[in-house]
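K.L.:
Sequence:
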Amino acid sequence: MLSIDLNCDLGEGMNTDALLMPFISSANIACGFHAGDAATMRKTVALCLQYGVAIGAHPGFNDKANFGRKPIPLTEPELLVLIQQQIEALQQICEAMETSLHHIKLHGALYNMASADVVLAGQIAKILHTLYPKLIVYALSGSYLMDACKDIGLQTAAEVFADRTYQDNGQLTPRSAPQALIETTEAALQQVLTMVQNRQVTTLSGNKIFIAADTLCLHGDGAHAVDFAKTIYHTLKQNGIDIQTL
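Following the numbering used here, the numbering of the sequence shown begins with 202 at its first residue and continues without gaps.
It is possible that part of the hints are untrue.
As the list claims (entries may be wrong) - Below 30 Å or equal to it, Euclidean Cα-Cα: the simulated BS3-like pairs (lysine-lysine) are:
hint	residue 1	residue 2
1	335	409
2	409	438
3	244	271
4	351	335
5	327	351
As the list claims (entries may be wrong) - Here are the in silico distance ranges between beta carbons for each label pair:
hint	residue 1	residue 2	range
6	300	214	18 to 24 Å
7	351	204	16 to 22 Å
8	401	354	25 to 31 Å
9	335	431	29 to 35 Å
10	277	351	34 to 40 Å
11	272	299	36 to 42 Å
12	334	439	36 to 42 Å
13	351	278	21 to 27 Å
14	406	431	15 to 21 Å
15	445	300	14 to 20 Å
16	354	406	33 to 39 Å
If you're looking for bench data, these hints aren't it; they were derived computationally from the structure. All values reported here derive from a predicted model rather than from experimental measurement. From the three backbone atoms N, C-alpha and C, an ideal C-beta is built for every residue, glycine too.
Please work from the sequences and hints to get the whole structure.
P.N.:
Set out below in structure tokens:
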């Protein structure tokens with residue numbers, strides 16, 4: 202039977218987190234730099250425990266004004282501090298609540314930069330392998346970060362997106378570009394089923410490219426996030442696809 206992990210970015214100050222929980226299998230929790238704080242981390246971890254959802258850290262740039270979506274160049278030592286401070290903040294909360302982290306997924310500009318920059322991808326893979334060798338890394342399918350993490354021996358999950366469009370090189374369409382976001386449930390469902398069942402995605406230019414899919418992301422801050430999650434969950438089930446964490 203086909204299966205897929207359905208993940209969502211949570212703890213980012215939206216009021217839909219609890220509504221999304223029944224339809225996902227893993228959560229990426231903001232660690233206080235691009236969004237959230239200790240209180241939102243505790244609240245989101247509690248929701249994950251209530252619904253049996255795997256807990257992941259979602260570190261991004263320290264830039265709440267831009268929601269972590271503005272690129273910020275950092276040295277490797279600065280990257281280490283940035284990542285470590287955020288993951289350890291969530292890790293401490295998990296330990297206090299007698300649970301543990303399952304995975305790491307970078308946020309926003311940091312995620313996109315690590316996907317497209319081979320040097321940065323290598324630096325981040327090295328940091329994650331040194332500090333968190335047992336955690337799964339959720340990385341853009343086919344990206345430099347995915348390759349770097351695999352090469353260094355980390356367990357990885359190839360991530361695909363329900364609500365984002367793709368370019369011919371396999372990268373996501375930048376949010377600043379037209380048609381970057383998929384706004385209708387029908388279009389999202391079509392993309393999801395094609396990726397999960399056929400390992401293909403149709404790019405904005407109309408080309409079909411190969412895509413590996415271990416985990417499917419739906420952004421928790423999207424205007425239609427709850428509708429997307431609910432419909433995708435039921436459609437996957439109806440098509441004989443199980444939803445389970447990795």
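K.L.:
Now tell me if each hint is right for this structure.
P.N.:
Against the structure, the hints:
1. 335 / 409: violated, 34 Å
2. 409 / 438: holds, 25 Å
3. 244 / 271: holds, 27 Å
4. 351 / 335: holds, 13 Å
5. 327 / 351: Holds. Residue 327 to residue 351 sits at ~11 Å (cutoff 30 Å).
6. 300 / 214: 18 to 24 Å: holds, 22 Å
7. 351 / 204: 16 to 22 Å: holds, 21 Å
8. 401 / 354: 25 to 31 Å: Between residue 401 and residue 354, where Cβ atoms are some 29 Å apart, the hint holds.
9. 335 / 431: 29 to 35 Å: Since the Cβ atoms of residue 335 and residue 431 sit about 33 Å apart, the hinted range of 29 to 35 Å holds.
10. 277 / 351: 34 to 40 Å: At 20 Å between Cβs, range violated.
11. 272 / 299: 36 to 42 Å: holds, 38 Å
12. 334 / 439: 36 to 42 Å: Holds - the Cβ-Cβ distance for residue 334 and residue 439, about 38 Å, lies within 36 to 42 Å.
13. 351 / 278: 21 to 27 Å: For residue 278 against residue 351, whose Cβ atoms are near 24 Å apart, the range 21 to 27 Å holds.
14. 406 / 431: 15 to 21 Å: The hint (15 to 21 Å, Cβ to Cβ) is violated, given that residue 406 and residue 431 are roughly 31 Å apart.
15. 445 / 300: 14 to 20 Å: With a Cβ separation near 18 Å, residue 445 and residue 300 satisfy 14 to 20 Å, so the hint holds.
16. 354 / 406: 33 to 39 Å: At roughly 36 Å between Cβ atoms, residue 406 and residue 354 fall inside 33 to 39 Å, so the hint holds.
In the structure shown, a violation is registered for the earlier hints numbered 1, 10, 14, in ascending order.
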